[in-house]
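Protein chains: 2
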Amino acid sequence: MPESTIHPNHMLISSNDVEGTKVYGTDREHIGEIDHLMIDKLSGKVTYAVMSFGGFLGLGHSHYPIPWNALKYDTELEGFVTGITESRLNDAPEFTDDSWSDRRWEENVHRHYDAPPYWA
Amino acid sequence: MPESTIHPNHMLISSNDVEGTKVYGTDREHIGEIDHLMIDKLSGKVTYAVMSFGGFLGLGHSHYPIPWNALKYDTELEGFVTGITESRLNDAPEFTDDSWSDRRWEENVHRHYDAPPYWA
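These protein sequence lines map, in sequence, to chains A and B. Numbering-wise, the first sequence is residues 771 to 890 according to this note's numbering. Numbering-wise, the second sequence is residues 771 to 890 according to this note's numbering.
Keep in mind that the hints were calculated from the coordinates and are not lab data. Check before you lean on any hint, since a few could be wrong.
Note that the list lumps identical chains together, so a pair holds whenever it fits in one copy or between two copies.
[Unchecked claim] Each computed SDA-like pair below joins lysine to any residue, with the alpha-carbon atoms no more than 25 Å apart: (1) K811 with D861; (2) K815 with S857; (3) K792 with L782; (4) K815 with R873; (5) K792 with R874; (6) K842 with D797; (7) K792 with H882; (8) K811 with T866; (9) K811 with N786; (10) K815 with A840; (11) K811 with D797; (12) K811 with S857; (13) K792 with A890; (14) K811 with T796; (15) K811 with G795; (16) K811 with N860; (17) K811 with H800; (18) K811 with L847; (19) K792 with R873; (20) K811 with E799.
All figures in this text were calculated on a predicted structure; none of them were measured in a lab.
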């Protein structure tokens, strides 16, 4: 069954397969992968993609939470495209263990990435 | 970082952690687990939970796709509750490899579980 849910040609993707999906930057260059997703338990809405950059950008951290609304799936590239740049990642509101339950951090990070809030 | 995203007390859950979340039936008895989720690539909406029953109900298949809208997260139980019964699972529209891209199957399975369609 898990195998049978892998169908790159249709609109649904298994959560197992999202991990590892490539993310492309403004020039459609490959900048990283999705490591895992954060999901709102009550609404079932994906809220953040925690991206892994594998040291590609030489950033201080290897994982960054990006608002889901700042990512757009591109069926041609078979990955997510984003306008996020290295400097924007470096300037992102600092992430701590408490950030997920801190609405102010959520507001700041959505504003930082020009992404509409998922709770609106 | 993956560790820091595990916070059972707040509203967000990592996709890594949804796998294995318990599902409870009408009498709040434990009937199975979520194996993985199906996510709509474009909207980022969780559409189905593929449940694993571990032979508990003696069903013909060990995995069943359940519309996300047929599950409700219960913060007290720390799991999902559903009104799904064994007979309803047995009567569910048959699932094949093509079902994910078959809107008619999707309509049937949502109707079967009295779940509002995610695409509405």
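Verification of the supplied hints:
Taking the closest pair of Cα atoms, K811 and D861 never come within 25 Å of each other, the shortest separation being 29 Å inside a single copy and 28 Å across copies. In the homo-oligomer, the alpha carbons of K815 and S857 never lie at most 25 Å apart, since the shortest distance is 28 Å inside one protomer and 29 Å across protomers. For the homomeric pair K792 and L782, the shortest alpha-carbon distances inside one copy (16 Å) and between copies (23 Å) are both at most 25 Å. In this assembly of identical chains, the alpha carbons of K815 and R873 lie at most 25 Å apart whether taken from the same copy (16 Å) or from different copies (21 Å).
Taking identical chains as interchangeable, the C-alpha atoms of K792 and R874 are never at most 25 Å apart, the minima being 29 Å within one chain and 31 Å between chains. Taking identical chains as interchangeable, the C-alpha atoms of K842 and D797 lie at most 25 Å apart only when both belong to the same chain, with a minimum of 14 Å there against 41 Å between chains. For a Cα distance limit of 25 Å, the shortest separation of K792 from H882 inside one copy, 22 Å, qualifies, whereas the shortest one across copies, 36 Å, does not. Taking the shortest Cα distances, K811 and T866 sit within 25 Å of each other inside one copy (20 Å), while across copies they are farther apart (28 Å).
Taking CA atoms no more than 25 Å apart as the test, K811 paired with N786 passes in both settings, with 17 Å inside one copy and 13 Å between copies. Taking the closest pair of Cα atoms, K815 and A840 come within 25 Å of each other both inside a single copy (14 Å) and across two copies (15 Å). For a Cα distance limit of 25 Å, the shortest separation of K811 from D797 across copies, 21 Å, qualifies, whereas the shortest one inside one copy, 34 Å, does not. Taking identical chains as interchangeable, the C-alpha atoms of K811 and S857 are never at most 25 Å apart, the minima being 32 Å within one chain and 27 Å between chains.
In this assembly of identical chains, the alpha carbons of K792 and A890 never lie at most 25 Å apart, being 27 Å within a copy and 29 Å across copies at closest. Taking CA atoms no more than 25 Å apart as the test, K811 paired with T796 passes between copies only; the shortest distance there is 20 Å, against 31 Å inside one copy. In this assembly of identical chains, K811 and G795 lie within 25 Å of each other by CA distance solely across copies; the values are 18 Å between and 29 Å within a copy. Taking the shortest Cα distances, K811 and N860 never come within 25 Å of each other, neither inside one copy (29 Å) nor across copies (27 Å).
Proximity of K811 to H800 under the C-alpha cut-off of 25 Å is restricted to the inter-copy arrangement: shortest distance 18 Å between copies versus 30 Å within a copy. With identical chains, the CA atoms of K811 and L847 are at most 25 Å apart between copies only, with a shortest distance of 13 Å across copies and 30 Å within one. Proximity of K792 and R873 under a CA criterion of 25 Å is satisfied in neither setting, with 28 Å inside one chain copy and 27 Å between copies. With identical chains, the CA atoms of K811 and E799 are at most 25 Å apart between copies only, with a shortest distance of 20 Å across copies and 33 Å within one.
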